[in-house]
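Undergrad: Guided by the hints, dock chains B, C and D onto chain A, whose structure is given.
First to last, the protein sequences are chains A, B, C and D. Here the working numbering is used: position 163 in the first sequence is 166, and no number is missing along the way. Here the working numbering is used: position 29 in the second sequence is 32, and no number is missing along the way. Here the working numbering is used: position 16 in the third sequence is 19, and no number is missing along the way. Here the working numbering is used: position 283 in the fourth sequence is 286, and no number is missing along the way.
Treat the hints as calculated values from the structure; they're not laboratory data. Heads up, some of the hints might be wrong.
You can't tell identical chains apart in this list, so a pair holds if it fits in one copy or across any two.
[Stated by the list, open to error] Within a straight-line C-alpha distance of at most 30 angstroms, the following computed BS3-like cross-link-like pairs (lysine-lysine) qualify:
1. LYS140 to LYS55
2. LYS6 to LYS96
3. LYS54 to LYS140
4. LYS142 to LYS54
5. LYS41 to LYS96
6. LYS270 to LYS207
Treat the numbers as computed from the prediction; the structure is a model and nothing was measured.
Listed below are the residues making up each chain.
Number of protein chains: 4
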Amino acid sequence: MIKVGVVGATGYTGEELIEVLLKNSEVTITSLSALVDKETQFSDLYPRFAKKISVPCKSLDINEVAAKSDLVFLALPHTVSMKIAPEFIKKGKKIIDLSADYRLPVKLYEKWYGTCHTDTGNLNAAVYGLPELNREKIKTADFIANPGCYPTSVILALLPIALMVAKAGLTVIADSKSGATGAGRKALMSLSFGEVDENFKCYKANEHQHIPEMEHILSCVAGKDMQVNFAPHLLPVRRGILSTIYIQQKGLPEENEIYKKYTEYFKDEPFVRVRPLGQVPELQDVAGTNFCDIGIKVARDMVIIVSVIDNLLKGASGQAVQNMNIMLGIDEKTGLM
Amino acid sequence: MIKVGVVGATGYTGEELIEVLLKNSEVTITSLSALVDKETQFSDLYPRFAKKISVPCKSLDINEVAAKSDLVFLALPHTVSMKIAPEFIKKGKKIIDLSADYRLPVKLYEKWYGTCHTDTGNLNAAVYGLPELNREKIKTADFIANPGCYPTSVILALLPIALMVAKAGLTVIADSKSGATGAGRKALMSLSFGEVDENFKCYKANEHQHIPEMEHILSCVAGKDMQVNFAPHLLPVRRGILSTIYIQQKGLPEENEIYKKYTEYFKDEPFVRVRPLGQVPELQDVAGTNFCDIGIKVARDMVIIVSVIDNLLKGASGQAVQNMNIMLGIDEKTGLM
Amino acid sequence: MIKVGVVGATGYTGEELIEVLLKNSEVTITSLSALVDKETQFSDLYPRFAKKISVPCKSLDINEVAAKSDLVFLALPHTVSMKIAPEFIKKGKKIIDLSADYRLPVKLYEKWYGTCHTDTGNLNAAVYGLPELNREKIKTADFIANPGCYPTSVILALLPIALMVAKAGLTVIADSKSGATGAGRKALMSLSFGEVDENFKCYKANEHQHIPEMEHILSCVAGKDMQVNFAPHLLPVRRGILSTIYIQQKGLPEENEIYKKYTEYFKDEPFVRVRPLGQVPELQDVAGTNFCDIGIKVARDMVIIVSVIDNLLKGASGQAVQNMNIMLGIDEKTGLM
Amino acid sequence: MIKVGVVGATGYTGEELIEVLLKNSEVTITSLSALVDKETQFSDLYPRFAKKISVPCKSLDINEVAAKSDLVFLALPHTVSMKIAPEFIKKGKKIIDLSADYRLPVKLYEKWYGTCHTDTGNLNAAVYGLPELNREKIKTADFIANPGCYPTSVILALLPIALMVAKAGLTVIADSKSGATGAGRKALMSLSFGEVDENFKCYKANEHQHIPEMEHILSCVAGKDMQVNFAPHLLPVRRGILSTIYIQQKGLPEENEIYKKYTEYFKDEPFVRVRPLGQVPELQDVAGTNFCDIGIKVARDMVIIVSVIDNLLKGASGQAVQNMNIMLGIDEKTGLM
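This is chain A alone, in the form it adopts within the complex (with noise of 0.2 angstroms):
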């Protein structure tokens, strides 16, 4: 049994790293730990734990946690990362940073979230967790930046025909929604039921945070810049994102090439499925799974592609579940089915 500990376990992200955790055969949860006045039982906190899980959750204690781990998970705000994941590297631990602090080449990291990376070393070492793109890299990882969920979602959709649309010299718009978990569990206002519920907004525009993170990975694959353009939304629903990407046809070869470089790129993942040409996924597919579901169509000149994933699962504690077990050499699928 490999011994795993969870630092960050009160936020959504955490709560159903948990979840998942706790259907893996493999692993025992060890530690909990979070801002919490004193220890707790975790059910005390959440009572849908009641009967689930016994173990306590605790302020961080990097020694404790260190000592009673194998492998650690940090759900944490970017920025409080980077200062927790060398603690745990330099005691030989390996660590899932589902934060955005390891995602990112330092220069870019910097621009886009405006502060000082200082924990640079780490950051090259770092291997971007999308197993459809580094399976190989992950299983010999000791360290895993765990994707974005936006980024899941809009990179996977285009992994196949990167190359293509790059070369092609193409624009992508990558028009995507989000339920309100996305942002966190906080007490703000905007994230009330009162301003989310029978409504829907676009925010950040162009300007999201996890533009560079599409663009650095997209430009890696297609060996050439690539431009994504971006907008975010917020939908009233708990979780899952559904992003419509749109590229224009010209220089792109016939729908059925471009659908065949989807079903053979994805022909062996077990989490992705591709949709029969012309149809396309709904979030329902996929919330409360571990898949990211996609659908080609070619109407009108455009190549219009969808893609689904709940943000909490692929785009979060599922996907970092998935590049645990990877790491340890295990069924990829165990506990995520």
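TA: Then chains B, C and D, alone, in the frame of chain A:
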């Protein structure tokens, strides 16, 4: 044109009050006050008001508001109203207070709200603004305590039979369900979309501070102490309250006679609609309106009464304007249809 | 008092039309028609109308409705309107048709709706009822084709720059999201709560029948063929459409100049509100109103325009009444504020 | 590996049953039946099942299903089950029936469901599958009548005190609120998003067909007739039932003693969690789980009990699998945690 001011313009209740007043051809809004850093166009705070109102929103200046107003609405939290109302009253302004500060006898207030009442003089002078009960008093009143949302829904549902229920010594159980705006515009985790959406909960069962208001008013009507067992619940909707009320039939007359009490009591009321016997209303029947719809059903020796209101209208701002219309001697329905 | 009839009173659009007409002091509803078994009080069908309207709802009798009306609204499905409209026109009645039957040139209609047009004479005579484009023609029109909901949201967002976009040969992408009432009142599994709630989906991407309406009108405005790539999505909200529109900036002027086109174009429009440059509106800003709010933002060489409307008001019944007001020569805002 | 068949695979209950069975390591699904035109991959009907199950869905062929199965789940409407269950029973198959057909004594069934029972022999043999009441009988049963959703929520909340409530001659009032999937997958206007969203209603108050199930079971437990006054309500959520139950305290012991009855009764139950005295659960505590959470509170001489379940799990398919696990002698929690 009557000049009115709104103090506490930025809460859900204040905002709704402005919407309702804008439809009222007999009044003009002359001032908006709230906790704002500096004078701001109201539509800059809430863009939905653009091209609808051009009165700026300012920090409260009692002298200025009084100078500009014939009548002032106070849409403030409890304990705040009782500091401000006396100032306007001294200046001879008519006041409609939407807080809980002037609804209860001092002893009940201090017991249930856990704080001293600092304006007991005006407390005794305030008229409880439930038109279906106190229309005559409201006509000549200068100071109105506007009823609470839950009490409006429960009291209206019981008014016609309070006397006979009290005489028969029967227990009343009111199971109420309210939309999330009932809690006001607050940045609380418990009111966040992620906690309210797809959720439902019971809170403060038989301990809610609206209980003494229901019991006090109904006991006055019945001339005898009445106990109302009351459990409120939080619905994942923006607005509306539905109360399901249970009373055993033993000691009460036949259902037709009970029903007749309702149709007679409310036959001339512009904003209460009694359904055909055996039918019950639903939330959408009154959402966005000032109506209270009531259904009565007797089945298996149980009298079941269902009432619905829009908590922001008949449960707050709509009723406040109804009271204003009565005070001003204009058509009670002005701006409310 | 102008006498108006509503044919198709029981759909979401018909119901909303009645709500709006009831607030209009210059008209009186004289007849309501729908597919009903027998004459029924409208409030027996929809209890929310109790104490608001006492006109009965009957099966359509064209002679009777014509005899009672100066103007008739047709809130009917497409292909039904073109059977009924000519009858009223023959009798000299003014008509506002809310269906799709009279919005398109016959060729486009037959191609996209897959059916023959049986009233081409009146089709050519119908005025497309978008006041912001055709106000002068509407003033003297007897027969109005009321715009579709998606087209209203997309065309208004593009009107001020259609000419320059067409000249620059740029591609327009409109990603629209609509509430569930947009599909009408239908007992379909795909519209059931269990399928729509907590879900979100894209449908008919670049194949929706509203595309030719957008393209036809914008091409007329631009004097040149314009292609609008359009993907509609189904939001889990009752009402509202938000359209996010993407156009590359190359070939267009600086953002300030683009923005000025909007403020100038709409400066006297009572129901279009342009946000400060860089800000975008959200659904709740216009829910329950006849406004179309528009925001413009230029970022990373992409012009992003966000427009919002209430699909049942500016997208249907509100706009229909706005057209009626213009036709009757009364204040365009009557009953719509 | 136990072989199981699901008859009625395409309803909400059938679909959920498949989800739960897929997590159960001791069984394998060998057939899926439903009203389908032709043999179809289940994931073609419901794409969320792609890469999860490859059993096709066929029209029901009793011989074929029986040949392939050790145990068959019937997720069928009432009156349909009693035509099909006897066929499988004759062939010696274990049956878990999720309909209402075998839950009640014949007289009660015929009175409340308004139809003759055509399989009274098996009716008498069926074991009522509430593990917290009948675990020993379930162990050796071949035929289970799986409880209704509302009855599960109300009966579990009353089991520990039914005897003392009946003795004291007290009236029970159960005000229940259910998510929309409780009504099944149906294309009804009353279940459309436009009617359910932002709405809430009471229906069949004290007339619902689940009343005799509650009363019959609780009366058996108490050894004395018990009346349960029951009003169900429709919540705008997908899943979950919350029941608020009111009993006057007079004639009952002190609250600590009442509470002790609950903790003792359920102390070894894997799927019932009793909250600390005075706390009550909410819907999200059990959504997506097989738990029933119960809270007890005594205030102002009223005993208030709140119970929550997921209507599709503990209220239907989860409980069915819990029953299966008990029948098969495997760990009761298998696949349910």
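Undergrad: Find the hints from earlier in the document that the structure breaks and name them by number, from lowest to highest.
TA: Of the numbered hints, all hold.
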